[in-house]
Structures are given as structure tokens and as C-alpha cells.
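*Asks:* Protein chains in written order, with our numbering: chain U, 1 to 113; chain A, 1001 to 1115.
No lab work stands behind these hints: they were computed from the structure. Since this is a predicted model, take the numbers as computed values, not measurements. Errors might be hidden in some of the hints.
Per label pair, the in silico range of CB-to-CB distance [said to hold, decoys possible]:
hint, chain 1, residue 1, chain 2, residue 2, range
1, A, 1115, U, 30, 42 to 50 Å
2, U, 5, A, 1054, 34 to 42 Å
3, A, 1054, U, 66, 21 to 29 Å
4, U, 52, A, 1060, 33 to 41 Å
On the chain U side, residues computed to face chain A include the following (Cβ under 8 Å) [claimed, not checked]:
hint, residue
5, 31
6, 41
7, 42
8, 43
9, 48
10, 50
11, 56
12, 91
13, 97
14, 100
15, 103
16, 104
17, 105
18, 107
Some chain U residues well away from chain A (every beta-carbon gap over 10 Å; in silico) [as the list claims (entries may be wrong)]:
hint, residue
19, 14
20, 65
21, 71
22, 85
Ideal Cβ placement from N, Cα and C applies to all residues, glycine included.
One letter stands for each residue in the lines below.
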Amino acid sequence: DTGVSQDPRHKITKRGQNVTFRCDPISEHNRLYWYRQTLGQGPEFLTYFQNEAQLEKSRLLSDRFSAERPKGSFSTLEIQRTEQGDSAMYLCASSLGNTDTQYFGPGTRLTVL
Amino acid sequence: GDSVTQMEGPVTLSEEAFLTINCTYTATGYPSLFWYVQYPGEGLQLLLKATKADDKGSNKGFEATYRKETTSFHLEKGSVQVSDSAVYFCALSDRRNTGGFKTIFGAGTRLFVKA
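Bound conformation, chain A alone (with noise of 0.2 Å):
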């Protein structure tokens, strides 16, 4: 079935640092892409979504771009913030036989940001 490999965290980082989060997939289909952000004690946050290959996702900085010869979607940031400090769920949507779409997760990445 399909799936999301995610890099193992924690990733420790200085503020200003640049920020890679590695995310490859698995799918039979065409899904979109996405990734979600976890505060501290909050839910799911949509950072940034792609729907088709070569496409570019960003909001807040962020940015990652749906490659499907490498079945990847990188997460990047040119210069983190302490308040970028969160979870990263790197996930894909599964369309189903019934209409509706299932979210499929890696296993998250925690950011820590130093000042």
C-alpha cells in the first residue's frame, strides 16, 4: 500500500540555520503531497500542500516541490526561527474506492531551534 518515509528526528538546529526534512513516498497513484506542522499540545497544522509533479508548495518560508522521479518532497527553509521549533508530518492523500481521501503520515520530525 502506499507510504511516507520521513527522516528520524530530532534535528537540532541554530536559529538562521537552513532546514532540510528529507520525505520520500510510495504510491500507486498520482496523490497530493503534504505537510503538517505540530506546536506543542496543538493538532494538525496544513503547512504547505503540491497536487502534481514538479509542483512547488510554500507558506511561511517554507517550501517543498513534488518530484516524482525521485518520489520525493523535500521540506526546506533558508533560515528557522525558535518559534519554528514543532513536529513535521510529511503525508499523502490516498483516494478511495468510496469518494472520500485517507491521509497518510510518516512518523514526524521534531525541529528543536536554538536562539
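Same shape as in the complex, but just chain U (with noise of 0.2 Å):
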């Protein structure tokens, strides 16, 4: 068990550009989820999957994000013309079955300048 692992850790861009975060979840986990976590809060929610079915989408998910998870292995999130107001940590998690406890990965830092 290598646990949820997440690529880059960190990541600069500039505004207008399109940035892509991968995540993989733990081995055999079939729901996995992103969150952000802006400074000085608490991750909120953005999605989900289920296998390969994109289950929910956050209202905070607007139409510039978007999130694959194709072979229901590793997942991918999009952000497309960057935002300022994107900067934050973006976070993943994985869970087995129909258990609600969540494993996290060490997360993507986002930062746009």
C-alpha cells in the first residue's frame, strides 16, 4: 500500500494558462474524490468518481474544470485559462467499497500568478 500519491507537487503558472494534476489513488480504491483547500481553510469538495463515472460536481467547479478518471486507475484534473483566484491546494482522495473514511494525498500547490 504506497498510499494516494499526487503529481506535481507544486506547480507556478501564469494567468491564462491551462494546467493539468494528476492523481493516484490507492491500489483497488474505487471512489475517488478532489478538494481545495484555499489558505487558512478547510478543503472543500469538487467531485467525485466512482470507477471511471463522474458521480457529482461541486458548484465551486466551474465550467473551466474539468476532471477524468478514464480507466478507473488514476485521475486527472484540468483547470483551462487560469485564474488568480485558482491558487490554492488541490487535494485528492481514495476510499474502498462503501466506507465513508477518506485517504489523502500530499496534494498539488497551485499557485498563479
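Reassemble the complex: the two chains are provided individually, in unrelated frames, and hints are given to aid placement.
*Replies:* Dropping the structure here:
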């Protein structure tokens, strides 16, 4: 069990550029979640997948954001035309079966200049 | 909707002092309750969990009891160490109609422990 991994750990980009983050969940975990954490706040839910199906998206997820989990294993989160307000830590979590306990990765810190 | 409120930080204690971080919640159902810890530069780690009223979660000397009557889940430790310095998040699970769970977090409480 290698835990949830995320890549990259840090990303600095200029406003208007597109960025993509990757999350590898714990092996065999069927559910995968994305959260966003801004400075001084707790994480906020963005979206989640059960296997390859994206089952829910938060209102926080504007149409510039898209997430995929094409084979039910790793997931990607893409932000198009980044804005300074997108600067945050993006966290991925996974869970197994029907449990409510989620295991978090180290996060990707995005800075938009 | 469901929500979590926890005491504001920072909390500064001397080593071996007693720790309490207050957490209250609002929920329509019967969620599981969690404490997560975030060390500097790292992701969230699950510290402890309780799934129903009067359950006590415990780990690494930390404990918290699920109190339905007061809708609280306060975190306690009898003797803190410098290595406990971190941000602590209280959270609850919100079961979704689609079958998964959304974890709802409090704003976090930063703890500093001085030697």
C-alpha cells in the first residue's frame, strides 16, 4: 500500500495558462475525490468518481475545470485559462467500497501569477 | 446543509500540557465524525474516527467522543509533545444520493507546542 500520490507537488503558472494535475489512488480503491484547500481554510469538495463515472460536481467546479478517470484508476484535474483565484492546494482522496473514510494524498499546490 | 465549526487558533501550549480543541457540528443525518491532522508541507492524515453516538475514537494519545446530545466531537490529549505541532481539522461525512460521501471540514485549528 503506497498511499495516494499526486503529481506535481507544486505548480506555478501564469494567468490564462492551462494546467493538469494527476492523482493515483490507493490500489483497488473504487472511489476517488477531489478537494480544494485555500490558505487558512479546510478542504472543500469539488467532485468525485466511482470507478470511471463522475457522479457529482460541486458548484465550485466552474466550466473551466474538468476531471477524468478514464480507466477507473488514476484521475486528472484540468484547469483551463487559470485565474489568480484558482491558487490553492488541490487534494485528492480515495476510499474503498462503501466506507466513508477517505485517504488523502499530499496535494498539488497551484500558484497562478 | 451540514457544517462543522471548530475553535479558532492558534493554540499555543507548553510541552506536556493538556490539549482540548473544540468542535461542534450540524447534520441532518447520522454522520461519522473525524479528526484529521496536517503537518507542515504534508497532506491530511486521518487521526481518529467515530461512527455513532457515544463512540470514542482514539489514536496516538488523542481521543474524541461522539456526543449527539451536544453535537460535539472535541479533541483531547493529556500531554502534548513538540511533534504534535500541526493543523487539526474536525470533519464529518455527508452521504450523497449518488452513494459516495462528501467530507465536510472545519476551518482547522493550528497548534503550536513549545519545548
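*Asks:* It remains to establish, for every hint, whether it holds in the given structure.
*Replies:* Right, here's what the structure says about each hint:
| no. | hint | in the structure |
| --- | --- | --- |
| 1 | 1115/A with 30/U: 42 to 50 Å | holds, 44 Å |
| 2 | 5/U with 1054/A: 34 to 42 Å | holds, 37 Å |
| 3 | 1054/A with 66/U: 21 to 29 Å | violated, 43 Å |
| 4 | 52/U with 1060/A: 33 to 41 Å | holds, 36 Å |
| 5 | 31 | holds, 5 Å |
| 6 | 41 | holds, 6 Å |
| 7 | 42 | holds, 3 Å |
| 8 | 43 | holds, 5 Å |
| 9 | 48 | holds, 5 Å |
| 10 | 50 | holds, 6 Å |
| 11 | 56 | holds, 5 Å |
| 12 | 91 | holds, 6 Å |
| 13 | 97 | violated, 11 Å |
| 14 | 100 | holds, 4 Å |
| 15 | 103 | holds, 7 Å |
| 16 | 104 | holds, 4 Å |
| 17 | 105 | holds, 5 Å |
| 18 | 107 | holds, 5 Å |
| 19 | 14 | holds, 24 Å |
| 20 | 65 | holds, 17 Å |
| 21 | 71 | holds, 19 Å |
| 22 | 85 | holds, 19 Å |
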